[in-house]
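Residue numbers (full-length UniProt numbering), protein chains in the order written: chain A, 1 to 600; chain B, 1 to 600.
These aren't lab readings, by the way, just hints derived from the structure by calculation.
Be aware that one or more of the hints could be misleading.
[As the list claims (entries may be wrong)] Simulated DEER-style distance windows between Cβ atoms:
#	chain 1	residue 1	chain 2	residue 2	range
1	B	Gly307	A	Asp70	30 to 40 Å
2	B	Arg324	A	Leu49	55 to 65 Å
3	A	Gln86	B	Pro473	45 to 55 Å
4	A	Asp70	B	Glu275	44 to 54 Å
5	B	Ala360	A	Gln86	55 to 65 Å
6	A	Leu538	B	Thr126	19 to 29 Å
7	B	Val73	A	Gly559	56 to 66 Å
8	B	Asp544	A	Arg90	15 to 25 Å
9	A	Asp109	B	Val73	55 to 65 Å
10	A	Glu233	B	Gly307	50 to 60 Å
11	B	Leu123	A	Lys177	53 to 63 Å
12	A	Pro348	B	Leu123	52 to 62 Å
[Stated by the list, open to error] Where chain A lies over chain B, by a calculated footprint (3+ residues, C-beta under 8 Å):
#	region
13	117–127
14	194–206
15	252–264
16	529–539
[Unchecked claim] Taking beta-carbon pairs under 10 Å as the criterion, some of the chain B residues facing chain A (in silico):
#	residue
17	Glu33
18	Pro43
19	Asp243
20	Arg246
21	His323
22	Gln327
23	Val328
24	Pro592
25	Ala599
Each residue gets a CB set at the ideal place from its N, CA and C atoms; glycine is no exception.
Protein chains: 2
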Amino acid sequence: MRTSIATVCLSGGLAQKMYAAAEAGFDAIEIFEPDLIAAPQSPEEIRALADRLGLTLDLYQPFRDAEGVDESVFADVLRRAEAKFQLMQRLGIDLMLVCSNVGTATVDDDEVSAGQLRRLGDLAATYDIRLAYEALAWGRFVDDYRRSWRIVELADHPNVGICLDSFHILSRGHDPKQIEEIPAEKIFFLQLADAPALSMDVLSWSRHHRLFPGEGSFALPTFLAHVFRAGYEGPLSLEVFNDTFRQTDPTRTARQAQRSLRWLADRTAELLGEEASRTGGPLPRLPEVAAPEAFDFVEIKASDTSGVEVLLEQLGFDFGGRHRSKQVRLWTWGAARVVCNDVPSASPAPHIAAVGFDVADSDPAAERAARLMAPPVHRRTYAGEQALRAFTSPDGTEVFLSHAEDWAGEFDGGVSSTDGHAVRIDHVNLVQPWHSFDEAVLFYTSVLSLTPQPSQEVAGPAGLVRSQVMSSPAGGVRLPLNLLPSGQLPTDQQGHAQHIALACHDIIGVVTAARERGLRPLEVPGNYYDDLVARFGLAEDLVDTLRDLDLLYDRDADGEYLHCYTETVGEVFFELVERRDRYDGYGAGNAPVRLASQAT
Amino acid sequence: MRTSIATVCLSGGLAQKMYAAAEAGFDAIEIFEPDLIAAPQSPEEIRALADRLGLTLDLYQPFRDAEGVDESVFADVLRRAEAKFQLMQRLGIDLMLVCSNVGTATVDDDEVSAGQLRRLGDLAATYDIRLAYEALAWGRFVDDYRRSWRIVELADHPNVGICLDSFHILSRGHDPKQIEEIPAEKIFFLQLADAPALSMDVLSWSRHHRLFPGEGSFALPTFLAHVFRAGYEGPLSLEVFNDTFRQTDPTRTARQAQRSLRWLADRTAELLGEEASRTGGPLPRLPEVAAPEAFDFVEIKASDTSGVEVLLEQLGFDFGGRHRSKQVRLWTWGAARVVCNDVPSASPAPHIAAVGFDVADSDPAAERAARLMAPPVHRRTYAGEQALRAFTSPDGTEVFLSHAEDWAGEFDGGVSSTDGHAVRIDHVNLVQPWHSFDEAVLFYTSVLSLTPQPSQEVAGPAGLVRSQVMSSPAGGVRLPLNLLPSGQLPTDQQGHAQHIALACHDIIGVVTAARERGLRPLEVPGNYYDDLVARFGLAEDLVDTLRDLDLLYDRDADGEYLHCYTETVGEVFFELVERRDRYDGYGAGNAPVRLASQAT
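Let the sequences and hints guide you as you build the complete structure.
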């Protein structure tokens, strides 16, 4: 499988983009014309740089406003094209993307477009160049790949083929199945992009909001399966216009892009099953690993975590012992494990440094993560200690693939067996900086096989917070990722706190006991309870209990949710939750109240 | 004219929003329910705070899913409503916004909706509360103000009237003229919002992208004139959901909001002409001031501006003398004046600190600015010196309303009379931080009567830059405002440079002479010139000249544009431009090349 990326996906100058693509393991790039025009290097220097980096230059793009024009205009098209063919020769590129006409088309006639493409093909042939014709989703007359294919068929020229782009096809809702009817040798190129489901004009959607496969909501494995069934054997090339990637580190973006293709190839191979061997080249598979269905532990790090330990004790955690060789203490409550790690050099405020996911066999899981280019974490271990497999997630939180039975013996208290009120970690909420939010979705989708749920927005006093839950099929692992308001940086304290939610069966009993141990939950305003009465028509005595305990309440068709929050210590707080019946949410309607209370 | 603002427009907690609204001079607020629910103060405390601040509570909003429902559901609507009426009594609010049903509507029948509103009105009457029914643009059945008015007419209840919201009407393209047919006493409330022209679903557009009047593209003076012609005499209330305002200083946002209403009232009074006295209350007018048609000067400040002075001399500026009492030096070239101000305490890098606009009579212009709450600038003056009128613009740049003849005599060289090549300042490009971009558009629209032109986006190596030109009717003043990529803060150096563009009649001669004086223009890559040939089919010798001089070129149907840039000193650089024929742009197509060259 050859992988390629368009230079427009990455920030920086052209040379910088090429270094990033090569470093991430891409085989090829598409040269986006404005990147070349703005580059100080000559075409020959770019060609030589690509050679040195082991990159091939697979496509020059785009050539616009080529067909469907009056003959007088077409003369100038040929003149423009020839200048570009000469340039491509200097670059050593033999394939040009020709997109369907947006600006100058005046003739809505397949025969005319085909005839003009044929003549362009004749000219291109004299330079040994081939043309890949692509239907833009907003083309003036040609905006559907089935029509662009009809025109290519009519052109009937060996140097004229089609370019397929998943965005232009799926954004319009066009059925990709008919791709299978196109002869493989006429599919000159394939561009891939994902995108979130947005209801906006397709041009703005395309220019600002494309994503890498696995970050959006297009059914790309299905799309790609159709392309392979057609017999396509060319490169898989990413073309992603995205406002964020345009301004973030190109090396990091390129790795994220490569990860997305490896995940996509694996998913497509899974879908094709036995067909896979009969189509395309062999697709590289990833080790199959089921999504974890439980959290193994959460690690909180600080120069001094004692404030967190006071909270843990008040909540109902038992001290589970000290680590035999590190300044680390284990706290357990039923199946919930929290590790407090005092590190003088760490950022001083307590924060979630690592999340362990319960993986029975960590070897294939770690192998999968490595194949997906997750950066490994190395922590010092001593003789007789378990070397845990861990990787750094995009926001810097370390992700451990672990299993408590393998490591709990290193603590002198062992694993507590009191099951408390059958407590377990319900969810871990991680705050994401704006620039790595989409990358995090791909990371957890691909590395841990978690599934993104529909995202929500909640209003806080300092802006809107977008929440994207990643979860395992049975709901044993739930990971809400909170995106800060765009203007906020991760260094802003406001709204930056992360939290650990603990599920129990009797929250009223648990909170009553915790208050007796000195816990002071986050205060909930009285107006909230007045509204609860109006909204849900709850019984007065239930509302009184909720009010006394600062408990929040939510209800939907599937059940009820009672929850409360602790105060924040450093950058961490805890939530206690009780899910009744089949309630599957997170009390999003209460989030504005929580955010406002935390801000006062 | 009573002014009001919905609490949802401002960031912070409810009390903080109320302080901000009062400080900005609002008479009233609308209480947005989630703000009250999340507030720690009781309704009685909020009411007392409003009293102390001199604010009235004009509206409680929103009450949802009220009509068009089955009778079984309506029983619960009445129960919910009564709880809210009791709450409103505690707050002392007698008007509730009832929006058209989005979630629970099942009956698409005006008679049913009217009957249910009438019964809600009966219940409201027992609490002396009135209901303002509003058609949401995305209502399930009722999404047009003409239909909501028909329903209110059918309800025929003294406590049931209509609420008009400019966003819900103009976003759908509904003609506001028929507002004039609604009896004034049935228009219970008026909400105003502007918005940019966006092609996206109306719900997202409304929830994230509303703007204050004068910041978007709705024809709000026309809209408001229809409302006044109907005889409406109630408050003008702003309801603006905007992602940026949700996270920026509420005091500043409230002032911006108040400014928008003062501007809107003035524009509407202008439109109504003699009618104004017969409609509504008297609308406050602003002093009428024509837009300036020339820049008076630009001031560059730094701890040491000598690097800029070297550039000025190379470009062709003449030294115009020292100020008689300050460390300030004047440079002139034709009608272009640049003042260099060495201030040890200033931020050390040279930057544009002030822009003077040529205003023949600065008194009414300054009075207008003051009425629009532009923060005045006070600079120390000595006996016999002109006290210039100046205000701080949203990005911190000081805006002077001045006229060189009044102040140039304070410099020992006087104003140079050499007209050089009839040089003048063509445009001044100011970089805007993300959080004050819309405010800047309103500032220059209202204070200086400049007109926003269609905005453009250009790709740079560190992200997309949005450019919004504000200009005077004859084009004598052009002020491109550049919005940095959303992730960048004004403290980032990247892309933060501002510039002064100087127009001349013979750029080839001017640049040739400047190079002889040692000027080194920003280098333009060779690939750019190869593309110029392909794109425009320019003559080889012209392209050779452009290439030799690092000149950029653009052409449109109206004319040609030749321009080049100096290197950047601190945060400032200069551009030389020659506009041929009626070319009216800024060479936006060349901006990516400029940004890339500046980044290397």
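Consistency of the hints with the structure:
1. B/Gly307 - A/Asp70: 30 to 40 Å: 53 Å, violated
2. B/Arg324 - A/Leu49: 55 to 65 Å: 58 Å, holds
3. A/Gln86 - B/Pro473: 45 to 55 Å: 46 Å, holds
4. A/Asp70 - B/Glu275: 44 to 54 Å: 51 Å, holds
5. B/Ala360 - A/Gln86: 55 to 65 Å: Given a distance of about 57 Å, which is inside 55 to 65 Å, the answer is holds.
6. A/Leu538 - B/Thr126: 19 to 29 Å: Cβ of A/Leu538 to Cβ of B/Thr126: about 24 Å, so the range 19 to 29 Å holds.
7. B/Val73 - A/Gly559: 56 to 66 Å: Violated - the Cβ-Cβ distance for B/Val73 and A/Gly559, about 21 Å, lies outside 56 to 66 Å.
8. B/Asp544 - A/Arg90: 15 to 25 Å: 19 Å, holds
9. A/Asp109 - B/Val73: 55 to 65 Å: 56 Å, holds
10. A/Glu233 - B/Gly307: 50 to 60 Å: 58 Å, holds
11. B/Leu123 - A/Lys177: 53 to 63 Å: This hint holds: roughly 57 Å between Cβ atoms.
12. A/Pro348 - B/Leu123: 52 to 62 Å: With a Cβ separation near 57 Å, A/Pro348 and B/Leu123 satisfy 52 to 62 Å, so the hint holds.
13. 117–127: This one is violated; 0 residues, fewer than the three required, reach chain A with a Cβ under 8 Å.
14. 194–206: It holds: at least three residues are needed, and the region 194–206 of chain B offers 5 whose Cβ sits within less than 8 Å of chain A.
15. 252–264: Violated, because only 0 residues of the region 252–264 of chain B bring their Cβ atoms closer than 8 Å to Cβ atoms of chain A.
16. 529–539: holds (count 6)
17. Glu33: Holds: closest Cβ of chain A sits about 8 Å from B/Glu33, inside 10 Å.
18. Pro43: 7 Å, holds
19. Asp243: Holds. Min distance 6 Å.
20. Arg246: Check passed: Cβ of B/Arg246 comes within 5 Å of chain A, closer than 10 Å.
21. His323: Where the cut-off is 10 Å and the nearest Cβ of chain A is about 39 Å from B/His323, the hint is violated.
22. Gln327: 37 Å, violated
23. Val328: 36 Å, violated
24. Pro592: 5 Å, holds
25. Ala599: 7 Å, holds
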